[in-house]
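Engineer: Listed below are the residues making up each chain.
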Amino acid sequence: MSSKNVIKRKIFQGISASSGIAIGNVVCLENKRRKVLPQSILESEIEEHLNYFKDSREILIEELSEMLSYLDADSAAIIETQKQILLDAEVEKRVHKIVSEELLSSDYAVYRTFCDFIERLKESGSELFRQRIVDLENLRDRFIDTICEDGSDLSIKKGTILVTKEISPTELVSFHEKGLSGLVMEKGGITSHAALIAQSLEIPCIVSMKNATSKILSGKAILDGREGQLILDPEDELLSEYKSKLKKLKRAQKRLLKNISEPSETKSGTSFSLHANIEFKSELGQLKKYNANDIGLLRTEGLLFSNNLSFEEQAEFYETVLASVSGKVTFRLFDVGGDKLNTKLPEESNPFLGWRGIRMLLDEKELLNQQLRALLICAGKNKGRVKILVPMISVEEEIIRLKTLINDLQAELKAKGKEVDPEIELGIMIEVPSAALNAEHLAKHIDFMSIGTNDLTQYTLAVDRGNERICSLYQQQHPSIWSLIKITADAAKKTKTELAVCGELAGDVLGACGLVGLGITNLSMISNAIPRVKEELISHEDDEFESLADSFLKASNTTQIKGIFEDWRNH
Amino acid sequence: MIRKKITIKNSSGLHARPSAALVKTASKFKSDFFIHMYGYKVNGKSILGVMTLAAEHGSELELEFDGPDEKEGMKTIVELIDNKFGFTDE
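Just so you know, the sequences run in chain order A and B. Be aware that the first sequence starts at 1, since it is given in our numbering, and climbs by one per residue. Be aware that the second sequence starts at 1, since it is given in our numbering, and climbs by one per residue.
In short, the hints are calculated from the structure, not lab data. All residues carry an ideal CB built from backbone N, CA and C; glycine is no exception. Treat the hints loosely; a few may be bogus.
As the list claims (entries may be wrong) - Beyond 12 Å from chain A on every Cβ pair, some chain B residues (computed): (1) K4; (2) K45; (3) E56; (4) E64; (5) P68; (6) D69.
Unchecked claim - Computed footprint of chain B on chain A; a stretch qualifies when at least three of its residues, placed anywhere within it, have a C-beta under 8 Å from a C-beta of chain B: (7) 8–21; (8) 85–95.
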C-alpha cells in the first residue's frame, strides 16, 4: 500500500461462532441506561399513552412466551412470574392514574410505578427478597425501552451487522426477519443460545469480542465469521475481495443444495444417511429444505425448562415432531443435571461429574415414568418410528434398570388396553469414556448406540468448553476421540448393533469423512450442515475414507489430523 | 367480609414463585382479597403487592376476603399456604 493512502481499516478479533461472510453497516446496540423524567402530556394524548402502555405490555408478554419455546436458561417458572408481574392489576391501576390524572407520559408512569414497588422491597431489608429487586429493575427497563422504541429505534435493515453485548433468542429471530446479515457479541460463548440460533439461521456470528460495543459504533464493515474477525472501514480493494468471496460462498451453497436431491451414496455406492439434530420447535421447518427424513437426535429438555411436563403436553410435543418428518425420530430422554429440576438441591461442586442424565432420571421416578409413558404411547400410535435414547450411561447396571422399567411399563400399558410398539428400539448415548470402552458389553442390552462426541470430548480431554481459559483444549478431532470411536465401532460390528454419531463431529466435514472411514454411515447433525457433509461424502471412494480414518488413528495430535485431512482433500 | 390469621410455613417465605401461585389462585375468585401484615395492606391479587410484603418463614399475615365466594376463597388460600404452595420445600 502506498503512503498516500491512509489506512483507516481496523480489525477486531473475537471467537468464531457461526461461519460465513457479511458485508454491511454496523448498528451498535449498547445497553443504554435511559433516564426517565416526568414529561407532561396533553389531555388529548391520554388515550395514546395508555395504548403505548398496553401495546408494549403485549409485546413483552409475547416475547416471554416465545422465550419458553427457545429454552432460555431462565426456568419457565421465573418467566411465568414475570408475565404475571406485567399483567399485575395494581400496576395497571397506578399507571392509568399517573397518565390520566397527573397527565404524565406512559414511560414515566411505568418507571415510577415499578420504582415504588422496588423501594418497598428495598425497605423490607430481607436478603432473600433483595435478589428479586434486580429482576424487577430489569423488567422495568425493558418495559420502558419497549414503550420508547416501539421497535423502530434500532434501524436493523437488510444487510445490517449488529454489534451488541448480548442478545435474546427472540430478538435475534426478529432481527433475522428484518434482514440482519451478521452478529457480533461482546459476551457469550459458542454454545450460548444466541450463537446456536445464529448457526441454525445461518447468520455469520462472532462471540467474546471484548469491548466491541464501546469500540465499534458505526461504519461499513466486513464480518468474517470463519476467522472470527470484524474489519471496520475496509479499503476498497479489501471490500471487493470479500464481495467476490461472498459471491463464491453463495454459489457454492446453491450448488450444495442441489446435491440434496442426489442419492446419499459414496462414489463406491455405499449408502449413508444424514439425519437432523433438533432442539427447538422452530427448527422443524428447515428439515424439508435439507431433505432430512429422520431426526437422529431430538433433545427433550425444552419441556423441562418450560415446565410442560404433563402427559398431555409431552405427548402433544412428541406428536408434533413425529408429524414433521416421514421417517424415524430418536427421542433422547431428559438430559440435564439436577440443578434444572424444581426440587432445590445443594449445589454440586462438579456438576458435569454429578447427578445428571440417567443418574438423575433413575432417582426421579415420577419424571422418568411420565416421559416414558408419553413416548411409549406415541410409539404405539406410530409403530416403528419412535426410538428412545438414554443419555449419560456410564455403567451397565443403569441400562439394565431402565430396560426393566420400560418392559414393566409396556406390560402395564398393554394390560390397560393401550396400543404399544413391542419392537420399540432402545439405545444409549456413548458419551462417557467408560461406555465407549465397555461398548461391547453394553451393546448386548440394546438395539442401537449413538456417540455423543461433544460430551465424549469433554470427558476424555477433561475440559469444559465453556471455560475461556482452556477451551482450546476442547478438540473433538483429537486422536484419543478417534480411538474411542474405533473401539465403539468395533463393538457395534461384533455385536451387530446399529451405531450412529450425533455429536458435532458428525456435522464437521473432517469428522464425517473419518467416521464413514470407520464404517459409521449413520450421522446426525445440525440440519444446515447436511449439504456440505453430503457434498464431501458423495465425492470419494470407500477406500479413500478408510485410509483417512487409518491415518487419523495413527496421528499423535489434532494439528496433524487437520494437516492429514487437508492433504487428503487436495490430492 | 371474613378475616383469618395465618403463618407462612415454607422456608423461603412468599418469594416470587409462591407469590405467583398465591395470586394466581386468588384471582380465580370474584371476591376482593387483601393481605394485612405489620400495618400494611396489599391487594392479594397483585403479585407485586404480595412480593413487597417480603413475608418470610414464620411471618404472620391476616387474610381478608370480601365478596360472594369469600368462604370458598379463604378455604382455598389457607390450604395453599398450609401446603407450602405445593412446592417441595427447599
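Engineer: Could you run down the list of hints and mark each one as holding or not?
Structural biologist: Here is how each hint holds up against the structure:
With a minimum CB-CB distance of about 22 Å to chain A, K4/B clears the 12 Å threshold, and the non-interface call stands. Not every beta carbon of chain A lies more than 12 Å from that of K45/B, the smallest distance being close to 6 Å; the non-interface claim is violated. With 12 Å as the threshold on Cβ separation, the claim that E56/B sits away from chain A is violated: the shortest Cβ distance comes to roughly 6 Å. The non-interface label for E64/B is consistent with chain A: the shortest C-beta to C-beta separation is roughly 16 Å, beyond 12 Å.
No Cβ of chain A approaches the Cβ of P68/B within 12 Å, the least distance being about 19 Å, so the stated non-interface status holds. Once the 12 Å rule is applied to beta carbons, D69/B is consistent with being away from chain A; the minimum gap is 18 Å. Counting residues of the segment 8–21 of chain A whose CB falls under 8 Å from any CB of chain B gives 0; the rule of at least 3 is not met. A count of 5 residues in the segment 85–95 of chain A with a Cβ less than 8 Å from any Cβ of chain B is obtained; the coverage claim is therefore met, three being the minimum.
Going down the numbered hints, you'll see the structure goes against 2, 3 and 7, while the others check out.
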